[in-house]
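Asker: Sequence:
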Amino acid sequence: MAGAARKKYWGTTLILVGCAALVAWQFNLAGRLAFAIEQAVLQAVDDQLPTSDQLAELAKVNRLVVRRALPTVVHIMTTSAATANPHGEMDMENLPEEWRRYFERQFQNPQGPRMGLGSGVIIDAEQGYILTNNHVAGDAEKIEVRLPDGRRYDGKLIGNDPPTDIAVIQIPADNLVALPLGDSDQLEVGDPVMTIGNPSGLDGTVSQGIVSALNRSQLGIIDYEGFIQTDAVIIPGNSGGPMVNMRAEIVGINTAMQTNSGGFSGIGFAVPSSRIKKILPTLLKGEKVVRGYLGVEIASAKDRPEDAKKVDWDKLYGVVVSRVISGSPAEEAGIKANDVLTNLNGEPMQTSSQLIDIVAYTPPGATIVFDVWRDKKMVSLQLVVGRQPENFSTRPGLYRPEYKDAPNPEAEVTHIDTLGLRLETLSPQLVREYHLEQVTDQGAVVTGVEAGSTAEQLGVKPGEVLVAINGNPVQTAEQAKAELEKSDPAKGLDLRLRSAQGSRHLRLQSAH
28 MAGAARKKYW
38 GTTLILVGCA
48 ALVAWQFNLA
58 GRLAFAIEQA
68 VLQAVDDQLP
78 TSDQLAELAK
88 VNRLVVRRAL
98 PTVVHIMTTS
108 AATANPHGEM
118 DMENLPEEWR
128 RYFERQFQNP
138 QGPRMGLGSG
148 VIIDAEQGYI
158 LTNNHVAGDA
168 EKIEVRLPDG
178 RRYDGKLIGN
188 DPPTDIAVIQ
198 IPADNLVALP
208 LGDSDQLEVG
218 DPVMTIGNPS
228 GLDGTVSQGI
238 VSALNRSQLG
248 IIDYEGFIQT
258 DAVIIPGNSG
268 GPMVNMRAEI
278 VGINTAMQTN
288 SGGFSGIGFA
298 VPSSRIKKIL
308 PTLLKGEKVV
318 RGYLGVEIAS
328 AKDRPEDAKK
338 VDWDKLYGVV
348 VSRVISGSPA
358 EEAGIKANDV
368 LTNLNGEPMQ
378 TSSQLIDIVA
388 YTPPGATIVF
398 DVWRDKKMVS
408 LQLVVGRQPE
418 NFSTRPGLYR
428 PEYKDAPNPE
438 AEVTHIDTLG
448 LRLETLSPQL
458 VREYHLEQVT
468 DQGAVVTGVE
478 AGSTAEQLGV
488 KPGEVLVAIN
498 GNPVQTAEQA
508 KAELEKSDPA
518 KGLDLRLRSA
528 QGSRHLRLQS
538 AH
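If you're matching positions, the sequence shown starts at 28 in the numbering used here and goes up one per residue.
If you are wondering where the hints come from, they were derived from the structure by calculation, not from laboratory data. Remember, it's a predicted structure, so these values are computed and weren't measured experimentally. All residues carry an ideal CB built from backbone N, CA and C; glycine is no exception. Any given hint could turn out to be false.
[Unchecked claim] Distance ranges between label pairs, derived from CB positions:
{"no.": "1", "residue 1": "Lys403", "residue 2": "Asn242", "range": "24 to 34 Å"}
{"no.": "2", "residue 1": "Arg274", "residue 2": "Gly373", "range": "27 to 37 Å"}
{"no.": "3", "residue 1": "Phe62", "residue 2": "Gly373", "range": "47 to 57 Å"}
{"no.": "4", "residue 1": "Lys518", "residue 2": "Val338", "range": "43 to 53 Å"}
Can you make the complete structure from the sequences, with help from the hints?
Answerer: Structure (structure tokens):
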């Protein structure tokens with residue numbers, strides 16, 4: 028029995044050792060196999076990396092693009108008159124005498140003419156047409172253009188379009204070189220691009236980067252954005268210069284940068300060429316761009332899920348109507364607040380920016396059809412597109428005087444012309460819209476700030492709640508107006524504001 032036991036023991040031991048050896052061999056084989064696969068992948072990558080000759084060709088392409096584009100990029104120097112009243116078109120005549128004298132003193136500007144620098148790109152060599160930004164040349168009294176070869180010419184503004192920040196100027200020059208407009212719709216994220224301009228007055232500066240994002244909107248920079256975002260450098264002086272692809276075609280016009288310190292932070296924006304092509308023929312004829320108009324305030328359902336949920340819309344597309352302007356095409360068509368516009372002519376509306384763009388380029392008088400989610404069912408509405416009013420703005424909070432008589436019918440709206448404010452008494456809708464749940468339970472909510480107004484100069488923003496004036500509590504918009512009317516400008520004006528970001532005081536002191 029002892030011998031049998033020993034045989035059984037050794038037999039079991041040998042089996043275990045064999046199994047262990049087999050497992051070890053298998054692990055080793057697996058490790059070798061994984062290593063072999065990794066090596067094969069790395070070799071495949073190595074085989075696809077550019078050779079020295081190919082890198083030389085790439086460098087040659089970059090040089091050729093620069094060589095082709097640089098002679099077309101110009102330096103633009105402008106002179107604009109000093110603004111005696113940056114408050115814009117404030118109605119001084121209807122103000123009390125003491126307030127009118129106060130504002131006239133407050134807005135005296137002792138400075139002389141304003142000087143500006145920017146860039147541009149020649150797009151028509153025979154006619155001398157130059158493409159640039161509206162904020163570079165649109166308001167200039169005098170435009171001087173310096174060519175890369177040193178020649179200087181007085182420029183003439185041919186056409187401009189502030190909503191897209193594009194302008195065309197012309198110079199009486201010959202022997203020019205132009206750059207063609209490319210198709211920005213063919214760009215993809217990751218594509219290499221160059222930005223060319225005159226940053227800080229340094230002529231012919233070239234920067235290369237990639238397309239970081241496409242159709243970047245809702246930045247509040249201009250009305251119709253859809254920007255190309257890039258990490259290629261765009262800083263003051265680059266504005267109006269071209270963004271070019273690797274075929275030396277203009278795919279965008281450098282327009283803006285994002286910055287927290289005044290310096291370039293790696294995020295720049297260019298107006299895409301596809302957008303420019305839509306308005307260029309009109310600008311070259313010296314005519315104003317005419318756009319379509321609905322007369323609604325909207326937000327994307329995916330950006331305002333609380334509003335969509337309120338009307339039982341659980342999709343991630345569509346736009347929610349928050350307000351309908353009285354007398355507008357939208358009101359005439361029967362569109363109402365809290366409607367969800369899901370489709371336009373059968374095309375799903377993914378974002379509010381998409382809807383804004385489509386309507387803008389729809390000719391006034393054209394009929395469009397909306398699919399509308401209302402009362403938990405879908406309805407169809409026909410709408411005749413109107414003509415966009417003067418000084419219309421798609422940017423939230425930019426109140427325009429011509430809408431004084433077209434407020435939201437359900438809201439108590441008060442206009443404070445002396446400050447350039449639109450106020451509404453705090454309501455549940457405004458609490459939700461501006462996230463004021465934990466801020467206050469009464470006051471006058473700022474729902475609009477007129478461009479160039481005193482309020483804008485002081486940094487007042489939509490969503491702030493005016494809760495006291497000169498120490499007197501404010502409960503409604505009308506009460507705020509009454510407090511302002513009885514205030515004495517000689518003693519100054521003290522405003523107490525609250526918002527989701529906190530509380531602050533503003534002091535408007537009369538000059539003596």
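Asker: Work down the list of hints and note, for each, if the structure agrees.
Answerer: Status of the hints after comparison with the structure:
no.	hint	in the structure
1	Lys403 / Asn242: 24 to 34 Å	32 Å, holds
2	Arg274 / Gly373: 27 to 37 Å	35 Å, holds
3	Phe62 / Gly373: 47 to 57 Å	56 Å, holds
4	Lys518 / Val338: 43 to 53 Å	48 Å, holds
Comparing the model with each earlier hint shows no violations; every hint is respected.
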